[in-house]
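A.B. asks: Read off the chains here:
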Amino acid sequence: MGNCNKKGKPSRPSVRDPINIRGDKENKVSYAKVVLIGNSGVGKTSIAQRFIEGKFDENNKNTVGASYFQKNISFKDGSSLCLYIWDTAGGEKFQALAPLYYRVKSKYIINIFQNAHAAVVCYSVTDDDSLKQIDTWLNKLDEHGNIAKMIKVVVGNKSDVDKSERRVDLKEGKLFAQQRDLPFFETSALLNDGSIDELFQKLASQIKQSFTKEELHATV
Amino acid sequence: MFEFDDDDMGFVDHTKQQEDSSGKLMFKSKSFRKDTNPKLMADNKNNGLLDRIDLSHDVFGRKQRRVVQKHQAQNFQLRKKIILTPQDQNEFLENLLIRNKPQILSKDERKILKAFCKKGLSERYRKHLWLRASGASAMINLPENRQYYRNLKKQAMDYPNPCFNQINLDLRRTFFELKINKSEQLIDKLRNVLAVYTKRNPTIGYCQGMNFLVGRILKVMQSSESTINETANHSSVAKDNFRSNSKSSLNENDNDEVEAFWIFVNMVESMLPIDYYSNMVGVVIDQKIFYDQFKLRIPDLCHHLDRVGFDPSLLAFQWLVCFLSYNLPQEVSVKVWDLFFLQGTKIIFKVSLALLHLMKGELMKAREFSEIFETLETFPRKTIDYKTLIQTTQLKQFKIRNRDIRYLREQKREGVQEELKKLVLTKDIFRGTYQRLKFMNKFYLYSGLQKMYENQDSIAKEVFQKSLDNYEQELMKIFNCNTKWPICLFDFTYKNKIPQFLCFRTSTNPPVIIEEYFNPFQRAHIIEEYDPERKNEILMERGQHYCNHDPRFIENFKILYNNAHEALFGNANLLFDITSEMNSLKSLRQFMKEIANFQGIEEFRNKSIPSSRSTKLIGSKISSKLVDSVISTEKDKQQNMFQKIEEIDHDILEQDQQQNLEQVLRDKNQHQLPNSEEFKQSLPKMTQPRYKTTLSRQFQITNNLGANQDEETKSLDEELLEEEQEELFPLNNKIYRAQSSLHQSALNLLAYQKVGNKGGEKYLEKLFKIPISDI
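Taken in order, these protein sequences are the chains called A and B. So that you can map any letter, position 168 of the first sequence is 168 in full-length UniProt numbering, and since no number is skipped, the others follow by simple counting. So that you can map any letter, position 641 of the second sequence is 641 in full-length UniProt numbering, and since no number is skipped, the others follow by simple counting.
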């Protein structure tokens with residue numbers, strides 16, 4: 001699944017090894033953890049797929065638990081940032097407990113939100129409940145996340161739909177994000193209109209601005 | 001007396017297999033010598049199950065031995081001296097799976113079938129194997145189940161259960177491997193089965209992942225439909241009768257739905273722990289067991305993954321929830337399921353471990369998190385073939401028994417409960433919109449409410465379409481419970497319920513709670529007794545509406561909500577123990593009592609609703625320092641509150657339980673028992689029975705099964721009760737053995753009610769230990 005950038009990686013024994021990450025050779029690459037959250041069926045997996053593989057798969061399956069993607073983003077100044085993207089299941093029963101929790105080094109049980117540098121909170125423009133529930137997701141991030149500077153982005157997906165199917169206007173979404181002081185994007189995973197690349201590009205540069213190099217190490 | 005472990009029973013003997021030609025399978029002679037054991041023979045005779053098999057041994061075995069060449073491929077060697085040709089194999093399976101009466105398979109039959117399945121069962125028999133091995137065919141043929149599925153299908157979904165929306169969302173994401181035109185017809189069937197199951201058992205309801213399970217079952221049921229026609233004339237009389245009866249009145253094409261439904265029912269309700277899909281505690285426990293077993297059995301790989309930072313239990317979650325159907329290719333996973341139906345959960349563990357073992361080479365090479373993830377995602381789908389997989393599961397290091405799993409589940413439960421308790425006690429410092437939404441999301445039906453009103457032209461629709469601020473203020477206008485709904489809108493503990501109290505809503509009268517619902521024999525009996533006329537419009541459910549017990553409750557609830565009052569939003573009772581049914585019920589009652597008795601409601605009554613703009617979003621703007629300071633104090637406060645919950649008096653609950661018990665004794669036993677008479681005198685009289693509970697003959701059996709149960713706490717009158725039940729129902733029907741674990745829990749609950757606090761916690765714990773059926 002995770003179609004990952006493998007350039008120059010075989011030489012590195014482990015991304016979790018701090019010596020290698022801060023070592024001179026790898027100086028230009030930083031790592032950031034991004035979580036994709038939102039109600040079920042808003043298109044989280046499709047967003048990730050469009051970004052990673054550049055395609056839209058109509059025969060998607062609903063996510064069970066969580067899946068993982070990884071991609072490098074390069075900046076104009078020659079530096080780059082590797083995004084670890086956790087795509088989570090939106091199902092109501094999963095939200096409650098199970099998949100959010102996993103182990104690090106077999107000892108510490110942490111949840112998926114922990115050590116996340118950024119969160120992409122998605123809703124679907126065809127479903128006004130998914131917009132309302134964004135508050136709940138933001139609340140969850142505050143509850144379970146441990147990085148205070150965490151960057152949150154509100155994304156309204158499925159912007160390609162007919163006007164008749166649309167339940168949330170662009171304005172409404174914008175206003176919603178504005179009230180919460182959060183950046184806002186409207187995207188379409190179906191159309192190849194660059195909206196999703198733009199989203200992650202901006203997110204990456206925002207991460208780079210807000211976090212110091214030391215903070216941008218890999219915590220999967 | 002018998003050992004039923006894999007490695008010495010009914011198993012392919014590797015050395016012999018190598019001597020003979022490759023496709024041939026045989027049993028160790030040792031295992032089948034047990035057939036000659038007179039006691040077992042007698043048992044089998046009684047059941048009438050093995051007659052045919054024995055016959056076929058004699059007839060075919062001796063004849064064929066002379067004729068058939070030993071090295072002929074595809075032959076199947078049964079016992080030392082018996083070799084079955086392909087024709088004989090077919091004859092044999094036909095006898096066993098299709099012509100025999102549709103009863104639960106015996107242990108010996110399972111053993112034989114297991115050997116067939118390890119070799120790879122032919123498509124043609126798969127459907128029948130699943131039906132028989134899961135116990136579904138027996139359920140379908142029970143007279144009271146004949147119209148069960150179709151009746152439930154006809155029922156309208158007229159209450160706001162969020163499951164219905166989730167099902168609709170996932171339908172089109174199930175058959176990702178099929179082309180669209182092919183899946184269209186399957187999707188309708190899938191919707192029907194899942195929706196009917198939600199109606200049957202709203203406590204378990206629908207959980208993402210179930211769509212893959214039912215999808216797979218449906219596909220198998222359909223794939224062998226064509227072969228069914230030719231063999232249909234062989235199928236049992238009872239089945240034919242049932243079919244022809246239903247065909248006349250209803251759509252013929254939903255037989256596969258009915259079959260898939262019952263297989264699914266048996267999977268979820270009797271092969272798995274009951275809290276597997278209801279609140280997912282069972283899955284979390286299994287996830288932990290899996291991790292431990294992995295560490296124990298493949299330590300070097302586990303160490304490697306740890307070093308890279310990958311937690312395999314994350315992936316195990318997918319494997320466990322979907323029984324490997326999510327990750328394995330279809331043709332492999334159906335074969336794994338063959339074994340799963342025959343042997344139970346241990347197969348999932350074994351196959352998962354074997355998968356990791358096969359991938360070990362690849363995984364050890366991986367140095368990065370992403371590489372590991374990629375291998376785990378793609379390798380099973382592309383490179384696994386069934387034979388290697390099954391051979392790997394047979395390695396000694398992957399031997400695991402169902403009883404081991406049962407034991408580990410008991411062990412792990414406590415730890416998981418502790419973790420979940422911590423989850424409940426999270427920081428809750430936000431005001432305004434956040435707080436309201438968080439509060440509302442506690443109510444199970446809340447998210448379904450909007451979707452339900454969406455399609456109606458009413459004032460309610462407008463409320464939901466308003467912008468967030470207005471919506472919040474007007475929500476209470478339409479936040480009304482309907483006592484006809486099977487789930488109470490105000491029941492915030494709903495997700496925590498255990499389906500022991502499943503019941504039928506037959507009218508607006510107080511609901512009947514049928515504790516041993518899963519015993520179909522008993523069930524029909526009770527329904528008949530209760531309300532014979534309305535038997536056909538029954539909806540099974542949990543239906544307990546506490547909200548209308550005190551008229552002040554709803555009124556106060558709404559007033560307090562509009563004032564964003566702490567007494568409501570910060571109510572300590574909302575933090576109930578997530579894995580304890582009893583505690584959550586206590587919290588719910590206490591919550592309603594507190595709200596109903598809220599002092600000083602008058603001063604809020606006419607106050608205007610505070611605009612959410614003024615109270616909005618403290619959370620997002622608070623500096624981290626402030627957050628931390630608030631958290632620490634708030635946490636202390638909440639912990640205190642939590643302790644208080646524990647101390648709340650048990651009065652209400654106990655009274656209820658005693659009334660229950662009284663009712664049980666009065667209703668079911670015409671001749672009063674001395675002990676219950678005493679009980680009765682010590683209690684205040686109840687005006688109207690709220691529950692009606694019955695004990696069944698089945699409890700006797702279950703007691704024998706759970707022999708290690710604590711005998712001391714079992715009170716005398718319970719034993720008397722059982723004896724009496726035995727006379728009432730002398731039928732010892734094997735069909736119900738699979739469900740017996742549920743009865744055990746129900747029994748435990750009753751015992752708990754009787755003994756009160758004395759050792760009660762033990763019984764409560766047992767509620768969760770619902771083992772797999774004794775296969």
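Calculated directly from the structure, the hints in this document are not laboratory data. All figures in this text were calculated on a predicted structure; none of them were measured in a lab. Take the hints with a grain of salt, since some may be wrong.
Claimed, not checked - Subject to a maximum C-alpha distance of 30 angstroms in a straight line, what follows is the list of computed BS3-like cross-link-like pairs (lysine-lysine): (1) 451/B to 477/B; (2) 61/A to 495/B; (3) 466/B to 163/A; (4) 360/B to 171/A; (5) 396/B to 140/A; (6) 55/A to 396/B; (7) 61/A to 558/B; (8) 140/A to 461/B; (9) 387/B to 149/A; (10) 382/B to 360/B; (11) 382/B to 174/A; (12) 495/B to 171/A; (13) 61/A to 154/B; (14) 154/B to 140/A; (15) 61/A to 451/B; (16) 174/A to 451/B; (17) 61/A to 484/B; (18) 174/A to 422/B; (19) 396/B to 412/B; (20) 61/A to 438/B; (21) 140/A to 558/B; (22) 477/B to 174/A; (23) 140/A to 421/B; (24) 61/A to 387/B; (25) 422/B to 149/A; (26) 171/A to 153/B; (27) 477/B to 171/A; (28) 140/A to 466/B; (29) 140/A to 382/B; (30) 171/A to 202/A; (31) 61/A to 442/B; (32) 477/B to 438/B; (33) 461/B to 174/A; (34) 382/B to 171/A; (35) 140/A to 451/B; (36) 438/B to 174/A; (37) 421/B to 149/A; (38) 495/B to 484/B; (39) 461/B to 163/A; (40) 61/A to 396/B.
A.B. asks: Next, verify each hint and record whether it holds.
C.D. replies: For each hint, the structure was consulted:
1. Simply put, residue 451/B and residue 477/B have alpha-carbon atoms about 16 angstroms apart, close enough for the 30 angstroms limit, and the pair holds.
2. Distance hint between residue 61/A and residue 495/B is fulfilled; the C-alpha atoms sit about 25 angstroms from each other, no more than 30 angstroms.
3. This hinted pair checks out: residue 466/B and residue 163/A have alpha carbons roughly 18 angstroms apart, not beyond 30 angstroms.
4. The hinted pair formed by residue 360/B and residue 171/A fails the criterion: a straight-line CA distance of about 52 angstroms is larger than 30 angstroms.
5. The hinted pair formed by residue 396/B and residue 140/A fails the criterion: a straight-line CA distance of about 45 angstroms is larger than 30 angstroms.
6. Distance hint between residue 55/A and residue 396/B is unfulfilled; the C-alpha atoms sit about 45 angstroms from each other, more than 30 angstroms.
7. Using a Cα cut-off of 30 angstroms, the hinted pair residue 61/A and residue 558/B is violated, with the two alpha carbons roughly 40 angstroms apart.
8. Simply put, residue 140/A and residue 461/B have alpha-carbon atoms about 28 angstroms apart, close enough for the 30 angstroms limit, and the pair holds.
9. About 52 angstroms separates the Cα atoms of residue 387/B and residue 149/A, which puts this hinted pair outside 30 angstroms; it is violated.
10. Taken as a hint, the residue 382/B and residue 360/B pair is honoured in the structure, with Cα atoms around 15 angstroms apart against an allowance of 30 angstroms.
11. A distance of roughly 44 angstroms separates the Cα atoms of residue 382/B and residue 174/A; the hinted pair therefore is violated under the 30 angstroms criterion.
12. A C-alpha spacing of about 36 angstroms is found between residue 495/B and residue 171/A, which places the hinted pair above 30 angstroms, so the restraint is violated.
13. Pair hint residue 61/A plus residue 154/B holds up; C-alpha atoms about 29 angstroms apart against a cutoff of 30 angstroms.
14. This hinted pair does not check out: residue 154/B and residue 140/A have alpha carbons roughly 39 angstroms apart, beyond 30 angstroms.
15. A threshold of 30 angstroms between alpha carbons decides the hint, and for residue 61/A with residue 451/B the separation of about 23 angstroms falls inside it, so the pair holds.
16. A distance of roughly 24 angstroms separates the Cα atoms of residue 174/A and residue 451/B; the hinted pair therefore holds under the 30 angstroms criterion.
17. This hinted pair does not check out: residue 61/A and residue 484/B have alpha carbons roughly 35 angstroms apart, beyond 30 angstroms.
18. Taking the CA atoms of residue 174/A and residue 422/B, the gap is near 36 angstroms; set against the 30 angstroms cutoff, the hint is violated.
19. Of the pairs offered as hints, the one joining residue 396/B and residue 412/B holds, with about 24 angstroms between alpha carbons and a cut-off of 30 angstroms not exceeded.
20. Proximity of residue 61/A to residue 438/B is assessed by CA-CA distance (about 29 angstroms); at most 30 angstroms being required, the pair is judged to hold.
21. Of the pairs offered as hints, the one joining residue 140/A and residue 558/B holds, with about 25 angstroms between alpha carbons and a cut-off of 30 angstroms not exceeded.
22. For the given pair, residue 477/B sits about 28 angstroms from residue 174/A by alpha-carbon distance, which is consistent with the 30 angstroms threshold.
23. The suggested pairing of residue 140/A with residue 421/B holds, with an alpha-carbon distance near 17 angstroms, which does not exceed 30 angstroms.
24. A hinted pair counts as satisfied when its Cα atoms are at most 30 angstroms apart, and residue 61/A with residue 387/B qualifies at roughly 27 angstroms.
25. Taking the CA atoms of residue 422/B and residue 149/A, the gap is near 24 angstroms; set against the 30 angstroms cutoff, the hint holds.
26. Straight-line distance between C-alpha atoms of residue 171/A and residue 153/B comes to about 42 angstroms, which puts the hinted pair past the 30 angstroms bound.
27. With a CA separation close to 27 angstroms, the supplied pair residue 477/B and residue 171/A stays within the 30 angstroms bound.
28. Restraint check for residue 140/A and residue 466/B: the C-alpha separation of about 24 angstroms stays at or below 30 angstroms, so the hint holds.
29. Proximity of residue 140/A to residue 382/B is assessed by CA-CA distance (about 37 angstroms); at most 30 angstroms being required, the pair is judged violated.
30. Restraint check: the Cα-Cα separation between residue 171/A and residue 202/A comes to about 21 angstroms, which is no more than 30 angstroms; the hinted pair holds.
31. The straight-line distance between the Cα atoms of residue 61/A and residue 442/B is roughly 28 angstroms, inside the 30 angstroms bound, and the hint therefore holds.
32. In summary, the hint linking residue 477/B to residue 438/B is supported, as the alpha carbons are separated by about 19 angstroms, within the 30 angstroms threshold.
33. For the hint pairing residue 461/B with residue 174/A, the CA-to-CA distance comes to about 23 angstroms; that is within 30 angstroms, so the pair holds.
34. Distance check on the hinted pair: residue 382/B and residue 171/A sit about 46 angstroms apart at the alpha-carbon level, beyond 30 angstroms; violated.
35. About 23 angstroms separates the Cα atoms of residue 140/A and residue 451/B, which keeps this hinted pair within 30 angstroms; it holds.
36. A hinted pair counts as satisfied when its Cα atoms are at most 30 angstroms apart, and residue 438/B with residue 174/A qualifies at roughly 22 angstroms.
37. Between residue 421/B and residue 149/A the CA atoms are separated by roughly 28 angstroms; this keeps the pair inside 30 angstroms, and the hint holds.
38. Only pairs whose Cα atoms come within 30 angstroms are accepted, and residue 495/B paired with residue 484/B is accepted, the gap being roughly 19 angstroms.
39. Straight-line distance between C-alpha atoms of residue 461/B and residue 163/A comes to about 19 angstroms, which keeps the hinted pair within the 30 angstroms bound.
40. Between residue 61/A and residue 396/B the CA atoms are separated by roughly 36 angstroms; this puts the pair beyond 30 angstroms, and the hint is violated.
Hints 4, 5, 6, 7, 9, 11, 12, 14, 17, 18, 26, 29, 34 and 40, counting from the list given before, are not met by this structure.
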